[in-house]
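Visitor: This is what each chain is made of:
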Amino acid sequence: MAGKGERRFLKNMPGWRASFNPWILRLPNNPERLAFVLHRITGILLVLILFVHITFTTTPATRGWEFWVEEIKRAQGITPVTLYFFIFAGIAIFHGLNGIRLLLVEFLGCCVGKPEKPKPPYISATLRASQRTLLYIVFALWIVLWMIAGYIIFT
Amino acid sequence: MAQALKSAARYPPKSVRVKIKRYSPETGREWWQVYEVEAYRGMTVLDALLQVKEKRDHTIVMRYSCRMGVCGSCGMVINGTPRLACQTQVSMVASEENPEFTVEPMKNFPVIRDLLTDFTSFFEKHRKVKPYLIRRDTGEQENPKTEYRMTPEELLEIYPYSLCISCGLCVSACPVSASDEGFLGPQALAQLWRYTADVRDEAWRERLEIADDENGALKCHFAASCSAVCPKAVDPGGAIQMLRSALLKYKLGLWRKKSISGPVPPLEPTGEKMPLPPEAQTLPGVDLEAMEREPVVIDASRLLD
Ligand code: HEM
Ligand code: SF4
Ligand code: FES
Chain A
24 MAGKGERRFL KNMPGWRASF NPWILRLPNN PERLAFVLHR ITGILLVLIL FVHITFTTTP
84 ATRGWEFWVE EIKRAQGITP VTLYFFIFAG IAIFHGLNGI RLLLVEFLGC CVGKPEKPKP
144 PYISATLRAS QRTLLYIVFA LWIVLWMIAG YIIFT
Chain B
3 MAQALKSAAR YPPKSVRVKI KRYSPETGRE WWQVYEVEAY RGMTVLDALL QVKEKRDHTI
63 VMRYSCRMGV CGSCGMVING TPRLACQTQV SMVASEENPE FTVEPMKNFP VIRDLLTDFT
123 SFFEKHRKVK PYLIRRDTGE QENPKTEYRM TPEELLEIYP YSLCISCGLC VSACPVSASD
183 EGFLGPQALA QLWRYTADVR DEAWRERLEI ADDENGALKC HFAASCSAVC PKAVDPGGAI
243 QMLRSALLKY KLGLWRKKSI SGPVPPLEPT GEKMPLPPEA QTLPGVDLEA MEREPVVIDA
303 SRLLD
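Residue numbers (this note's numbering), protein chains in the order written: chain A, 24 to 178; chain B, 3 to 307.
If you're looking for bench data, these hints aren't it; they were derived computationally from the structure. Heads up, the beta-carbon is just placed ideally off N, CA and C, and yes, glycines get one too. Any given hint could turn out to be false.
Think about it this way: if two alpha-carbon atoms lie no more than 30 Å apart in a straight line, the pair counts; the simulated DSSO-like pairs of lysine-lysine are [unchecked claim]:
1. A:K140 to B:K259
2. A:K137 to B:K130
3. B:K251 to B:K221
4. A:K140 to B:K130
5. B:K130 to A:K34
6. A:K142 to B:K132
7. B:K221 to B:K259
8. A:K140 to B:K251
9. B:K275 to B:K259
10. B:K8 to A:K137
11. A:K142 to B:K259
12. B:K55 to A:K137
13. B:K8 to B:K130
14. B:K259 to B:K132
15. B:K221 to A:K34
16. B:K251 to A:K137
17. A:K140 to B:K8
18. B:K130 to B:K260
19. B:K132 to A:K34
20. A:K137 to B:K147
21. B:K132 to A:K140
22. A:K140 to B:K55
23. A:K34 to B:K55
Heads up, incomplete: computed chain B residues facing chain A, CB under 7 Å, no partners named [unchecked claim]:
24. G30
25. G74
26. K109
27. P177
28. H223
29. G240
30. Q243
31. L250
The following label-pair restraints were derived from C-beta to C-beta distances [unchecked claim]:
32. A:G122 to B:D182: 14 to 24 Å
33. B:P268 to A:C133: 51 to 61 Å
34. B:L269 to A:G66: 51 to 61 Å
35. A:G66 to B:I136: 53 to 63 Å
36. A:K96 to B:D214: 45 to 55 Å
37. A:W39 to B:A10: 35 to 45 Å
38. A:M170 to B:E216: 48 to 58 Å
39. B:E126 to A:G66: 26 to 36 Å
40. A:K140 to B:D214: 23 to 33 Å
Here chain A stands alone, though its shape is the one from the complex (with noise of 0.2 Å):
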């Protein structure tokens, strides 16, 4: 609460929501934005991913290879082990593949718009560009990859 006759101004701004809320704004035209919300995601739970990795690795060395070799044997058909792989799957195989086309974007400078004379009805070139035509073969291959790694792990 501002005191009697002082003035003050909204501070107006999402925060971390913009990040992770792909809907905070509507964006007509902006699949980028969704695919910079899934990039960030998918980092963050890598992070989280190989924490796990590690500690799961190491249970050779603390509770021996027979618990190894059996949890290994388990993870046969639908199982939660099987199904935490399938979900790893995914967020790797976005997020490597979208990488990619950030590494091209981003370094590189690659398949964005180049400059142009806008004329009505006034869509900037980067949203027509070949960038464009990448994401949705990240899209697309993301499905289609995700699909065959979910075939291998369960079967």
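Following the hints, complete the assembly by docking chain B with the ligands onto the known chain A.
Guide: Same frame as chain A, now just chain B with the ligands:
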């Protein structure tokens, strides 16, 4: 803004409900308020807001000036999308089924009151990128005898970026600006690239160092929301990626500006007069001397038949 063109021809509902997010700086209170106004074909959201201000509630505060998408004052979040209020048709955001639409102040800008946002930090960041031509020979720049050479192709390299109207919509859509007050933001970074890429400018090293700052181009994550909302297709998202790749190459010692132009040599007056071709002096049937003597009479009735 493709829909705007189509919706200009459509009729909005007879009356629309404008739901405005309000803020009082004295009490710190935020609230929504709904006003009903009559709509007409061609009415923009800014027109609707002005109707509210004139006929319903004088206390609504907003910023606008040109009413034609040129000054960049009327950026707002309309139905959840950052847009220029004067370039958004009511028929585009309201329909017979849903005659209500929302208007909020732009995000990522401090709100002064209601829809009015504070641009101090926005313009400070713009100033930080030195948005003007810098020449080594300042004496010549201050007292120029001729213009600097620039080919049409060289102009096109910077042309879309030079159309920025500083409306701030890109900043309000940016997810990095949403969580980081220090980030220079899409508008300033696009302008940084606009002057770095300008053949007439000589301070590209200086500007690339500004872009290399922790608050500079490297904070961009290419969500491209800036390019999606820009009403002038300035494409700040694309500009930042070009800036960023130039910066990377520059840091590896692989990038320098292709060419820097100078003043074109002044034309020496030769004293020679170029004669006009005889047919340019008089068209057939035109007597210049007689015309000079006679008063000009425009007979409207003769124009009609
Ligand atoms: C195929 C391998 C990978 C590629 C090509 C890749 C690529 C990238 C790129 C280009 C970015 C920058 C994204 C941006 O600018 O918004 C990024 C961010 C990130 N990556 Fe990866 N990455 C890979 C693997 C990994 C792995 C294994 C982890 C975790 C251990 C990881 C964690 C992260 C995190 C936490 C971020 C930051 C996300 C953000 O700030 O939005 N990445 N990755
Ligand atoms: S780049 Fe576009 S959205 Fe950003 S301030 Fe300039 S005109 Fe507005
Ligand atoms: S009032 Fe000038 S841009 Fe809308």
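Visitor: Now tell me if each hint is right for this structure.
Guide: Comparing the hints with the structure gives:
Taking the CA atoms of K140 (chain A) and K259 (chain B), the gap is about 22 Å. The hint holds against a cut of 30 Å. For a cut-off of 30 Å, the pair hint linking K137 (chain A) to K130 (chain B) stands: about 25 Å separates their Cα positions. Of the pairs offered as hints, the one joining K251 (chain B) and K221 (chain B) holds, with about 17 Å between alpha carbons and a cut-off of 30 Å not exceeded. For the hint linking K140 (chain A) to K130 (chain B), the alpha-carbon distance of about 27 Å falls within 30 Å, and the restraint holds.
Under the criterion of a C-alpha separation no larger than 30 Å, the hint pairing K130 (chain B) with K34 (chain A) is consistent with the structure, at around 22 Å. For the suggested pair K142 (chain A) and K132 (chain B), the alpha carbons sit about 28 Å apart, so the restraint of at most 30 Å is met. A C-alpha spacing of about 23 Å is found between K221 (chain B) and K259 (chain B), which places the hinted pair at or below 30 Å, so the restraint holds. Between K140 (chain A) and K251 (chain B), the direct Cα distance comes to roughly 27 Å. Compliance with the 30 Å bound is thereby established for this hinted pair.
Restraint check for K275 (chain B) and K259 (chain B): not satisfied, since their Cα atoms lie roughly 41 Å apart, outside the 30 Å limit. A distance of roughly 27 Å separates the Cα atoms of K8 (chain B) and K137 (chain A); the hinted pair therefore holds under the 30 Å criterion. As the CA atoms of K142 (chain A) and K259 (chain B) are separated by approximately 28 Å, the hinted pair is consistent with the 30 Å bound. Between K55 (chain B) and K137 (chain A) the CA atoms are separated by roughly 43 Å; this puts the pair beyond 30 Å, and the hint is violated.
Straight-line distance between C-alpha atoms of K8 (chain B) and K130 (chain B) comes to about 39 Å, which puts the hinted pair past the 30 Å bound. For the hint linking K259 (chain B) to K132 (chain B), the alpha-carbon distance of about 17 Å falls within 30 Å, and the restraint holds. Annotation: proposed proximity of K221 (chain B) to K34 (chain A) holds, straight-line Cα distance about 21 Å (limit 30 Å). Between K251 (chain B) and K137 (chain A) the CA atoms are separated by roughly 19 Å; this keeps the pair inside 30 Å, and the hint holds.
Restraint check for K140 (chain A) and K8 (chain B): the C-alpha separation of about 22 Å stays at or below 30 Å, so the hint holds. Taken as a hint, the K130 (chain B) and K260 (chain B) pair is honoured in the structure, with Cα atoms around 24 Å apart against an allowance of 30 Å. Between K132 (chain B) and K34 (chain A) the alpha-carbon distance is near 27 Å, which keeps this suggested pair within the 30 Å criterion. For the suggested pair K137 (chain A) and K147 (chain B), the alpha carbons sit about 33 Å apart, so the restraint of at most 30 Å is broken.
With a C-alpha separation of about 24 Å, the suggested pair K132 (chain B) and K140 (chain A) falls inside the 30 Å cut-off, and the hint holds. Proximity of K140 (chain A) to K55 (chain B) is assessed by CA-CA distance (about 37 Å); at most 30 Å being required, the pair is judged violated. For the given pair, K34 (chain A) sits about 25 Å from K55 (chain B) by alpha-carbon distance, which is consistent with the 30 Å threshold. Because the smallest distance between the Cβ of G30 (chain B) and any Cβ of chain A comes to about 5 Å, under 7 Å, the interface hint for this residue holds.
Evaluation of the G74 (chain B) hint against chain A yields a violated restraint, the C-beta minimum of about 14 Å exceeding 7 Å. Hint status for K109 (chain B) relative to chain A: holds, with the closest Cβ pair at about 6 Å, below 7 Å. Satisfaction of the interface hint for P177 (chain B) is found here, the shortest Cβ-Cβ separation to chain A being roughly 4 Å, below the 7 Å cut-off. Evaluation of the H223 (chain B) hint against chain A yields a held restraint, the C-beta minimum of about 5 Å falling below 7 Å.
Contact between G240 (chain B) and chain A, as hinted, is supported at the beta carbon level, the nearest pair being about 4 Å apart and thus within 7 Å. Below 7 Å, beta-carbon pairs count as interface contacts, and Q243 (chain B) has one with chain A at about 5 Å; its hint therefore holds. Satisfaction of the interface hint for L250 (chain B) is found here, the shortest Cβ-Cβ separation to chain A being roughly 6 Å, below the 7 Å cut-off. Distance hint check for G122 (chain A) and D182 (chain B): the Cβ-Cβ separation is about 22 Å, which falls inside the suggested range of 14 to 24 Å.
Separated by about 42 Å at the C-beta atoms, P268 (chain B) and C133 (chain A) break the suggested range of 51 to 61 Å. The hinted range of 51 to 61 Å is satisfied by L269 (chain B) and G66 (chain A), whose Cβ atoms lie roughly 60 Å apart. For G66 (chain A) paired with I136 (chain B), a C-beta distance near 39 Å fails the hint of 53 to 63 Å. At about 53 Å, the CB distance of K96 (chain A) to D214 (chain B) agrees with the hint of 45 to 55 Å.
Take W39 (chain A) and A10 (chain B): their Cβ atoms lie about 38 Å apart, and the range 35 to 45 Å holds. The hint said 48 to 58 Å for the Cβ distance between M170 (chain A) and E216 (chain B), and at roughly 41 Å that hint is violated. A hinted range of 26 to 36 Å for the beta carbons of E126 (chain B) and G66 (chain A) is consistent with their spacing of about 31 Å. Checked against the given bound of 23 to 33 Å, the beta carbons of K140 (chain A) and D214 (chain B), roughly 30 Å apart, stay inside it.
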